[in-house]
Each structure stands twice: as C-alpha cells, then as structure tokens.
Amino acid sequence: MVLGRRLRYITLGRMLFPAVNGTILLAMAVVTLYPFLYVVSVSMSSYRAFMLHPIMAIPREITFAAYAKIFGYPTVWRSYGVTVWVTVVGTIVDMTVTILMAYPLSKSRLRGTGTILVAVIFVMVFHPALIPKFLVAKQLGLIDSLWALVLPTAVSPFNLILMKNFFQSVPASLEESALIDGASYTRILTRIIVPVSMHAVATIGLFYAVEHWNNYFSAVVYIRSMTKWPLQLLLREVVMQNNMDAVMGGAAVGDLDMVSVVPLTVQMATVVAATIPILCVYPFIQKYFTKGVMLGSIKE
Amino acid sequence: MSGLTQRSERKSLSAPRRLRILGHRTELYLFLIPGVVFFILFRYWPLFGSVIAFKDYNLRLGMWGSPWMKPLFGHFISLFGNPSFFQVFRNTIIISALKLIWGFPAPLILALLLNEVRTASFKRSVQTIIYLPHFISWPIIAGLLVAFLSPDGGVVNILRGWFGLHPIFFLANPKYFRGVLVISSMWKDAGWGTIIYLAAIASLDPKIYEAAIMDGANRLQQIRSITIPGILPTVVILLILRLGSILEVGFEQVFILYNPSVYDVADVLETFIYRTGILHARFDYATAAGLFLSVVGFVMILTSNWISRRLNQQAIF
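Residue numbers (our numbering), protein chains in the order written: chain A, 1 to 300; chain B, 1001 to 1317.
Each hint can be trusted.
Not the full set, but computed from the structure, chain A residues with beta-carbon under 8 Å of chain B: (1) N21; (2) L100; (3) I116; (4) V120; (5) T186; (6) V210.
Bear in mind the hints are in silico, worked out from the structure with no lab data behind them. As the structure is a computational prediction, the values presented were derived from the model and not from experiment. Every residue, glycine too, gets a C-beta built ideally from N, C-alpha and C.
Go ahead and model the full structure; you've got the sequences and the hints to work with.
Right, dumping it as structure tokens:
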C-alpha cells in the first residue's frame, strides 16, 4: 500500500519538471559563462589558430603573444595605474564619508537627521543633469584632474541608506554601555559599530570599488589628457574605435601590423586584462554578500 | 519598583553628564560634515545650477551673471521645435519600453525557477555564475559583443553561415541594434535581479506551503496561489521604481555601443544631452534638456507611487 502511494506520487509532471527546470537553468549558466571562456581562449590562442577555428571554448596553439604585445606599451601600465589609484582612493573616500554620515543618521532622535535624510532622498529622486554637474566640476577646477573621478561620486544615497539601516540594527545596549564607560562617539564607531557590521561594510566597500573600477563615462566627461585615461577608456578605444593609436601613444612607427586593424586576439587580451581584478575579487564579494546581506535580512 | 530606582539612577548619572552628552552630540554633527558638504557641492549646487536652462549662459559671466533668456522658456521652445529632439525622445521611450517588457519579468521568472531547485549545490553554482555579469563593466561587455556579433569571424554570424544564412552586422544595423541593447542588458542584470526576488520568496511562511501540499496542491498550483501573491508587494514596489526611471535607458551601454549608422534608433535623451552639452558646448540648451529629463523622471516616480498606493496600499513614500 505504501508502495502504491509512492508510485502515484511519481507522476510525469513531477519527474519532468525538475529536469526541465534544471536544463533551463543550466542553459542560463552556460550562456553566461561561454563569452568569458571565448574571450580568454581567443586571447591565449595564436592568430592563425583563431582564423582557422573562429568558434572556440578552449585556447588553441597557446601563446601569450597578445598579452606580451599590450603590456609592452607603457600607456597600458599607466592606465592600469590610473584605474588602481582611482579605485583605492575612491573607495577610501567613499567609505569614510558614507560611514561617517550614516552613523549620525542612524540615530533617529538626533535633531536634524530627519531633514538631512529627506534632502538626501529628494536629490536621489530628482537628481541634477549632466551639464550642471560638469559646470560645477569646472568651477571647482576638477576638469582633467583624477579627483574628478573620485569626488563627484563620493556618496551613493542608496548605499548611505543601506549603511544607516545596518547601523540601526546594531544592538543599542552595546553603544549604551560604551557611552556609560565614557567612550567618545569616534571610539564607538570605530571599535564597535563598524566591526559588528563588518559584513555589510565590506560588501558596500566592494560595491563601491567595483563601481570605480568599471567606470568609464566619468573619464569621458571630465578627463582631457590621454595620460590620465583609466583602463576602461583605453579598452573602449581598442575595442570600439578599433584603433591602437591611444595605446601606442604615437609610437606607431615600428608597428605596421597594428596600424590598420587590431587583431581580435589583442582586443580580447585587453578585455581580459581589464577584467582579471574583478574576477579575482568576485569570490570575496560572494562570500561577504551571501553571508552578510542575506543573514541581515533574515535575522529581521 | 526597580523601574523607579533605575530611572532615578539614570537621572543622577546624566545630571553631571549632561554637558558631556552635549559635547558628544557635537561629535555626531561633525561626522555629518563631509557628507553634507558633498551633497551641497555635488548635488544641490548643480541642481540650482540648472537655472541656466532659463538663461542665456555665458561662460565668463557664469551662472549668476548671465542674463535671463528672452523669452524665459526660449531653450525649451527651440528644444521642442527641434525634430531630432522628438526622434531622440521616441527612441528613449521605445528602448525603455522594450527593456521593461523583456527585462523586468526575466529576473522574476529566473527566481521562481531557481527556487524550485532541490539540490543546494546546483542552485548555488548557478547563482554564482549568473551574478557575475553584473560586475563586469560595459566596455568589457562591448568587447564581448563586438567579438560575438562581428560580421566576419563573429560566433553568431559563423553559426548563421552554417545554416546558410547571410551574416548580419548587428551593431551597425538599425533593425537589430535595439535587440542587442535589450538582450545584452538582460544578460548583464537578469541574474543579479533574482536576488531580491529570492529574498522575498524566502521570507514567505513555509507553513502555508505545507498546508497546501497536504491539500494536494502540486508545484504549479503552489507557485500560482502562494508564491506569486506572496511576493506581489515586492514586485509592485520594484515596478514603481522601474517606471520612475523610465527615461533612463542605460546610457553607459548605449554610449559605448552606438555609432553613426544607428543614430536614428539609438540616440537617446542622455546621449543627446552629452553631445549638445559637452561636445558642442551648448550648455544652456543641454541643461534645458537635462532639466526636462529630471522633471519628467521625478513626476513619473511620484505618479507611479501614487497609483500603486491606490491599487495596493504598497508605496515607497
């Protein structure tokens, strides 16, 4: 009888559904992954192998010639340096300002915080357009300065509110006992609040960092000198405008094979060079994000 | 009893401390300074600077010194009289609508599918993979697209060749360009969008499911009567937010992918503003267009918020 019930349980639908579901999701995963496999493979294959096998998922005739080529140009290193500087400095600035601002805002009884919060949300919904932002930067003398890639985006209202909420969920007793012991708010913030919210803080920090690393449009608007180009902008030149002038920085004399068309292998190598740090950081994002954010919301 | 003594204790603690607490509060206000300065400098100052949409802006005279436009709405009049502006506006709406129709349901459906997976490791692996493109920059995705969609040597066109179809230059073809925008945008963000839906699904009470199973409901019925109504508030809120930004159409994506052959369908409000403002330096004219964009977006958010509140009692403000 038990067997009968079990057999009735196994209907066609019940067997088919997980299989179909799994196949769809697997297809999604493959579609997501394949472009990366392709790019890496092409970048590590010889040009001849690529011409013979334009569709690939693993490299053929492995050679690092494309990488040697792009890293032979000092402009590539300089762009790397620019992007690293912007990412490091930018994230430090972002986090400092955001944490400092989120903490008082998390104390709803503090006078003025309500108004400030409303002001922040208002400007999030009704934000200034590109040109006024550009003119302000011009008046502040930020045009063609790397600081223009750091300062105008220092605080994201969304992250600010996220941070404020996390600070609010820290048990008040921790703060109260520290206050009674005579601690200053600085000490409380640095020694208690931030360490306790570390998962959230790390996640937001990583988000800011990725944002900085990937940003190319700010440079289009604010940067004028090629020496200050971040990596993404260089990538855009190589891939979209399909020219290596920017990379070669004028040293085009000896490189006849690059002048007319950029071989796909080299383009893909540039793409990989621009993505590698993100791919390295991604496992950390996964770790902090899944642990911190999900736990935080479930704990409620 | 103990409450009374506690209160008197606290009072005696705070009396000599009252000065100290005031001092403490100053510290908190000091913390606010960098952030407030940021918002004033980089958000409110430009916001007030939008006033040059009504002025005849002169770089030397600056924001305050420049004379008012005669007539005051002169820039807006020439803007709306400009036929390219309407084409640009049309493109913005069309692309945004396409992205909404295709892109909004995708994360929801994916989340529902993911939720049905019983093997934890498979679910986790798929999630890890589909979150990844969200962290990849548009220049990189553009690189991928150029490689894949290239008319000679690109994977897609080679596959077309196997079926006897002729190659298509997707990125330069007005008929296909919008499709490229929509699909690549889904590739990038559909996976990431599942997070919030999965969190909403996870917050539903499992007991309701158990009751339904005991009543004999199969998977599909469970999804239809429990899961979907359960996360409907979340879906609505996200839809409100999405509609509020209907005129923002993924500028960074369009900007890096578009080229003169597809201007007719790809030029959107923000690229128009960039060209007229930054490239042609018509600051006041471009600011007028930008102000139009901001105001319409603002009205959209307020409207969709109001509509939702009437329909569902779900609202953000």
